[in-house]
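Engineer: So the chains spell out like this:
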Amino acid sequence: MLAFLIERLLQSAVVMLAVALIAFTLFNYVGDPIENMVGQDTTIAERQQLRHELGLDDSVVVQFARFVADAACGDFGISYQQQRPVGQIILERLPATFELSFVAVAMAIALGVPMGIYTGIHRHSWLSHGLMGLSLVGVSLPTFLVGILLILVFSVDLGWLPSFGRGTVVHIGWWSTGLLTLDGWRAIIMPATTLALFQMTLIMRLVRAEMTEVLRTDYIKFARARGLSNRAIHFGHALKNSLVPVITITGLQLGSVIAFAIITETVFQWPGMGLMFIQAVSFVDIPVMAAYLMLVGGFFVVVNLVVDLLNHVIDPRLRVDRVRVGIG
Amino acid sequence: MSSIRDCGLTACGWALADLVAPAAAGRPGALLRRIFDSDLWWSFRRSPVTVAAAIVAFVLIASSLLAPWIAPHDPFNLASLNLLDAEHPPAWLAGGSWRFPLGTDQEGRDMLSAILYGSRLSLLVGFPAVLVSMVLGVTLGLVAGWRGGLIDTVIMRVADVELSFPAILVALLIDGVARGVLPRGIHNEIASYVVIAAIALSFWVHYARTVRASTLVERDKEYIQAARVIGVRPAKILFGHLLPNVIGPVLVVATINLALAILTEATLSFLGVGLPPTRPSLGTLIRNGNDYLMSGDWWISLFPGAALAALILSVNLLGDWLRDAFNPKLR
Amino acid sequence: MAKGAGRATLYALFLVMASATLGRGEAATTFRWSNDGDPTTMDPDARSDLFVTTFDMNMYEALIRRDRNLKLEPSLATAWSNINPTTWRFTLRQGVRFHDGTPLTVDDVIFSVHRAAAPGSDVASQLSSIKEIKKVDDRTVDFITYGPAPILPNYIVNVPIMSKAWCEAHHAANVALGSNSESYATNHENGTGPFMLKSRQPGIRTVLVKNPNWWGLKEDPIDLDQVDFIRIVNPATRVAALLSGEIDMVYNVPPQDIERLRHTPGIKIWQTPELRTIFLGMDQARPQLLESNVKGKNPFKDKRVREAFYEAIDEDAIATKVMRGFARPTALMVGPGITGYDPALDKRYPFDPDAAKKLLAAAGYPNGFEVGFDCPNDRYVNDEAICQAVVVMLARIGVKVDLLAQTKSKYFAKINAPGFDTSFYLLGWTPTPLDALDMLTNLAETRGKGLHVGAWNDGGYSNPALDRLIKEISVELDSKKRNALISKALSIVKDDFAYIPLHQQIVVWASRDNVDLAPMGDDDLQLRYVKMR
Amino acid sequence: MTEPLLRVENLRVELPGRRGVVTAIDDVSFAVAPGEVLGIVGESGAGKSLTGAAIIGLLEPPLHLVGGRIAFAGRRIDNLPGEAMRRIRGRQIGMIFQDPLTSLNPLYTIGRQLIETIRTHLDLAPASARERALALLHEVGIAGAERRLYQYPHQFSGGMRQRIVIALAIAANPRLIIADEPTTALDVSIQAQIIALLQRLSRNSGAAVVLISHDMGLIAETAHRVAVMYAGRVVEIGPVREIISHPRHPYTRGLMNAIPRIGGGRDRLCQIEGAMPRLGEIPAGCPFGPRCAEASDACRRWRPQLLPAAGTDAACWLYARMPAPTGEVVNG
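Heads up: the protein sequence lines correspond to chains A, B, C and D, in order.
All letters in the first sequence, in the order written, are residues 1 to 328 by my numbering.
All letters in the second sequence, in the order written, are residues 1001 to 1331 by my numbering.
All letters in the third sequence, in the order written, are residues 2001 to 2533 by my numbering.
All letters in the fourth sequence, in the order written, are residues 3001 to 3332 by my numbering.
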């Protein structure tokens, strides 16, 4: 198993390098940062001088090499927009996005799995059809529309929840958390719900699809013949067998959580990395964008690794196969 | 158990063959009778929800594809727009007029026609994007799961790289290249292909990962080894025997990705890399309308939103029925 | 983790939680305001756009400042005069202290001017007319200019005075723009202004507090104890925050929501014409347009085509429908409040599509032609909507316009120097010194080597007679004669259809009804004027 | 005759399908005494497995019980509410399925599945449940139970897995075991061991066994009494000796002749022409009529009941001493 881990970590390094290279070739299509860094009165000569100073007129390969060399020793350069070290900005914004995504995914699983099980077991009950229909509405409305509607109802009309921001935040070392204050929880409810809606629907439908198939298998029939309780059969035997594809897709969907986080954070002004990235794209803040993509690339490799490991933990057959076939 | 799965293909193969065979024999009348007599139609008729979904989907898709003929106005013909009729409320509200049954948007486009034209654009981008990403993703997933070893590693690591680029950035890249290479005029024509490519390139990964996971499990099942033993070509095994047994979750992801594709197109259009602003798609209508929610012009955003919701709802419900109907194990 | 340790950390977390929720008591009067842009730097010389300038100039001050009617009034300098054509003498106010307590001296003034003129500083280009600055005594300082500089005070308004000792101590002697080390001045300040920086979360929230020993407290008693600036990018969320009472004022109000806000109880709308003029430009330099189906010649070189485009655009419809009444149609490239603006000339040529069609036919384009149109979609108020309206109007006279709306960084990179890669474009211009000369040199003068000369003349308009007139204006000291020359220049630009001016936006702020503000033409929110009941 | 452990009377199970309702099990009756092994034999599709499923109450919708009574140890169990029936399953009636490869949950160790079943029915602490599990494994002949308790099903051979299935089925000492084709998926040598195991367990615990199989040879060696089913009905039932040596019902006779005998002639095996009718197309009168050489007019018109036929009961007019009941046509 250790060899497998080392192998995957090496691969993740390659992935992050590939991400950085593609990101850099991308940046000269996104626009020219100099425009945003200087006012309308700065002369052309000054702009050229600034471009030279930032090394933007070097070839892409040179810029990439410089970036990787610096990144290797933890220096992600200075943000063009905020004139501050990128590393520092990311450390400030990481906890916000992490907490939002964590609460959203937890909410999606906590609601999605039971609903998936229920609709899987009682396929034709009216409640199942209701749940299936309702969940679809959540998916088909765009995130930004759902967000705004929630704000309209709960902030403007009812005034229960704050319409933006993260509420009071408690600093523990460099990590800032909103989960320790009531105000923080009030602020996270709406963004997390908006983010969770899409995931919940997907998880529910997947669990339903898998559950329906698993409930038809012989070992479930035999379990029933042995007089095991419904609860043991549904939540024990059946659920565990449905989990393999669900875990793969949920792990995968963490990606779309990050993609949707960009939109959700913009709508709720959530000070996370998504908001930072969108502003960096419109400002063409190359160091910030490059650092973000590298981080997300690394994050995905870790998520995929965890998903593969989870699958092995859950499905012993994979474990044995791994030894025999040496799966990459 | 394995025997049941083995006939997975034959069952749905049978259903299809059952439908097609007589037509091939040159008796179309028989085909119709065959259809209405087959098991599929029977299971279709039995669930009212699916029938309703099918009707809604048919009406929406048909009306959007026939938009040029049935829409009261042509929202893409800029000369016909008159700025002074901007932001009319729906006809039944005060200040509304029946010339614009669902009101007009901020540029004077009639909402009803804009929704019809817009959903046509969204469908012409959404469906192909999902199809391309599904075909690409499933194929690579099967190959990765089946061969294992180096190929599997390469495909999965390419997937990781792909995953870390949100669709927005992929579109920026493709758009930038397209804009650089192609002269200005042509760019607008291929704008929709750029968007389809961008969405497909960032969605195939979903299918690839799912199919790979399932393939790993199915690969050692007896019905696959049986097929191998009797010398069936690997491609036939993959697509003939293995695919039907992993298609369940893929269909779930596909129907939901349709919604995602349409919304991603809207985000790309906003960033100026999607479809040209003068020809708004359904997603773009919703996004533009979004800024007007606060100003009381709720219809600019809500009507297209409702249209999109109905479309996705019906397509997904149909998807559910189709998956259950074609899955012999559930019959 | 041993059992005991687990329980200990739990208690610790609990205590932290309790204290966090309690410690939120409100300060005396707090003014919470929001905008989509963020004050990216506290370094007044490094600022790059109008909003950052406004924000920083509540902490820093210049020798001269503008009052609520945009008139120049004494600030750190009590008096100033043009003792000879090339020398301006300023007398320094006494007893002024920086926020860290150190007194303000003439050396600080000289240091600040040199810092502002150094490369990397955004203000440098405005001080190009200064040859040198000399200390006369502890109270007075002389600015020597290359030639007569009638509007130097207008530029001095933008030169923030910093503490020489403080800057050198924190090695922020020059602006850190572009260097790869973070400058201390970016997130800290030591100005003389009415407000001091308390805390800063870049891109999220910046908090200022009242400067108790500000020199100007007598004339302008400060009503606010703390000012919370909270950034909210999404327009709908920003308006929602105002409606739900979480913030007291919105600086950049989306025009489509103004009607509803006006009629919402508890909300007040403030408006005043802004100094930025929105206009359309045309490429008149290239022999053949980059993005058009007309080959072998450039239609925009023909005055009749430019006039046809001008008369095809119904600016009133744009002002009422697109800008919802929050725009002042204009015939000139500068608006009221700018020195040299001449109301007599401010009559637009009539909107007449038929005449436009005839002009196009006369110019040899009976059924119009195709042309590319560049537009930003997130720079000016409703910029993309204006462009789409223009596209629709031009389509009616047969001109097929291919609109490319992009985010501002891509847009400016395309149309500005050095490439000027555009045929037809929309742009906005605010003359920083609030004087028409600034517009004429940057936009109307033929592109040349000198600083500013036609720097933003993306269309490449060139009129030798106008160039000579502009040179005269820049050295004319008598303001009456100078204004007459400016009017002549403005009428040349107008009648030659060098540009198609559209409108000046109207600055609109929205606030709770218990707030009192002083909206200013240059969109400058001076917190000293803000009162809360 | 002691009170029968299991009494099934006029069992009727229907399947609503597209073309109307189909009768899957039609008027089946039989009884099983404690400790007795009743074989149920017949072609596949004759309703053997359905009968087993009906007894233990595991008919999968849309199949459902329409008529008849099932009594277990004197108490009716066909109309029990779900929860009560659940308590009987595994505790009173154990069931063994055909394919060991898929009868065990692939993701749980066999130990966990055993202990779970034991603790569901017997009020045992985990430790003693584990002892019982080890004892069960030993009893069904799995060596090194201590080590193998925490292995996964895919780490066992087909034969071993069937032994585990049996261990699971008898975990709570049920008084009746329904074995639905327990050896079909196994090769012959393992079959013999499994059957011997079943017989030993039944003898030791006094549990009755309902052995469902299409393998006449197997039934002949194992069962005390045999019921022959055809098209959802019992056509003949009686002691195994009688059924084997001189079968009464023509169908049973055909079945017996179809079994190759060691030392029998080399010529072709004799075959029963035609095929069993599908459930939807059962002819009027005797279902075997069309394939029966001795079919008479009565056979084609009236459906025969199980009538005593010297040693066994057979549903065939050949053995009806009295004239066929007048006029009344009972159609399946």
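Treat each hint with caution, since some may be false.
[Stated by the list, open to error] Keeping only pairs whose Cα atoms sit at most 35 Å apart, straight-line, the calculated DSBU-like set for lysine-lysine is:
1. A:Lys221 <-> B:Lys1236
2. B:Lys1221 <-> A:Lys240
3. B:Lys1221 <-> A:Lys221
Because the hints were derived from the structure by calculation, they are not lab data.
Engineer: Next, verify each hint and record whether it holds.
Structural biologist: Evaluation of the provided hints:
Simply put, lysine 221 of chain A and lysine 1236 of chain B have alpha-carbon atoms about 32 Å apart, close enough for the 35 Å limit, and the pair holds. Under the criterion of a C-alpha separation no larger than 35 Å, the hint pairing lysine 1221 of chain B with lysine 240 of chain A is consistent with the structure, at around 19 Å. Under the criterion of a C-alpha separation no larger than 35 Å, the hint pairing lysine 1221 of chain B with lysine 221 of chain A is consistent with the structure, at around 20 Å.
In this structure, every one of the numbered hints holds.
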